[in-house]
Amino acid sequence: MKTLLASVIVVLLGVWAVASMSEGFELLTSEQARRLDIQRRQPVVPNVRLTDQSGGAHRFGDWVQAQNKFLIVDFIYTNCQSLCRALGSEFQQLQRNIVERGLQNRVHLLSISFDPEHDSYAVLGQYANHLQANPEVWSFAAPASADLEILLQTFGVTVIPDQTGGFQHNAALVWVAPSGKLLRVTDYASGEQLLDELVKSN
Amino acid sequence: MNPQTVAGAGLLLMLNIPFIRRIMESDMAYHMLLQFPLILLAGWLLARGFPEPAKKWNYAGVTGLLAASMILMFWMIPRALDLVLINNTLELLKFLSLALAGMALAWSWPLAGMIVRGFFLGNVLPMMMVVGWLYIEAPVRLCNSYLSYDQLRTGSGLLALSIAGSLLWLYAFFMPSNQAGNSEIR
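Listed in order, the protein sequences are those of chains A and B. Heads up: the first sequence begins at 36 in the working numbering, then just goes up one per residue. Heads up: the second sequence begins at -10 in the working numbering, then just goes up one per residue.
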């Protein structure tokens, strides 16, 4: 009897621990936790200094509000060989899609580099040309090195150096409202679908 | 004091030296496949100096083995692995719970019969297999703090460990001469 009671307590404790770690069995990874957290809290973009690909200096928060558009943000570094390529081609496709539907007044793409040491505005400009980015639709920017930490923290981006001198990072699309609030984080291949939702909702 | 208990306490302290902890947690495979088993071992050694407590509450080792498998299951959640790197409270809980799992194993394994042991191993080994397979097959990184290559190695390691464990178990099962299958742990 005592053993049964103790076992039940142990199982309950175990279930409780797993439930709290998985936010009630909703998630198993910290990436999912990050997405849920952002969706629930909807934090505002930090007003950090950003330099765009033509050398223009901005304050992130002010910039978003001044543009008064939905922003789709991804994080990249120009030396990237793997995941950012995928992000790049996803954004190229989104850019085409936005232009075709005439959405450039409502949606803007922003690729932010987390490697400001290397990615000066000139490097970003070359990268933008290389990807045939249309500046009306797709901007590139890098934060001041001192602001990088707070920026990554707000967006929940973890960057770790890998063995080949590059970085690995959690790649996703972050949807920012014209008010500057982070709305949601989605897989990097989900752009089209969310664009549809955006059009339908208005 | 029992020398094994001293060794266990020493091992636990050594694993907590910040420098050693950092090295072991810098790599997902070291973290899961080296640090975890070493903490378990430390707990196991630690418990060797004490008699099994509260046998009435732990009939046939059921409670202890159940607790150990619960703790092991919890620490296979990728988010938990990520969080201990930035959350000190959780890191402390990790050391305490895994050491406790080791102690529970040391106290409960000798009490457990074939069926209870089989239940425990039949729970833990497939779990390791599934998690290992998941780590290998996942198209994305499951831990934001670890490289995808590390994830692959950890997955392969978990898979290898669970297969080795299963083989040992089979061996022990068909070799009853070595005292009722105690060979896996002792």
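Mixed in with the good hints, there may be bad ones.
One side only, chain A facing chain B, incomplete, derived with CB under 8 Å [claimed, not checked]: (1) V46; (2) L63; (3) T64; (4) K104.
These aren't lab readings, by the way, just hints derived from the structure by calculation. C-beta atoms are modelled at their ideal positions from N, C-alpha and C, and glycine is treated no differently.
How the hints compare with the structure:
1. About 7 Å separates the beta-carbon of V46/A from the nearest beta-carbon of chain B, less than 8 Å, and the hint is met.
2. Nearest Cβ of chain B to the Cβ of L63/A: about 6 Å, under the 8 Å cut. The hint holds.
3. Here the hint on T64/A is kept, as its CB sits about 5 Å from the closest CB of chain B, short of 8 Å.
4. Look at K104/A: its Cβ only gets to about 29 Å from chain B, farther than 8 Å, so that hint breaks.
Violated hint: 4 only; the structure is consistent with all others.
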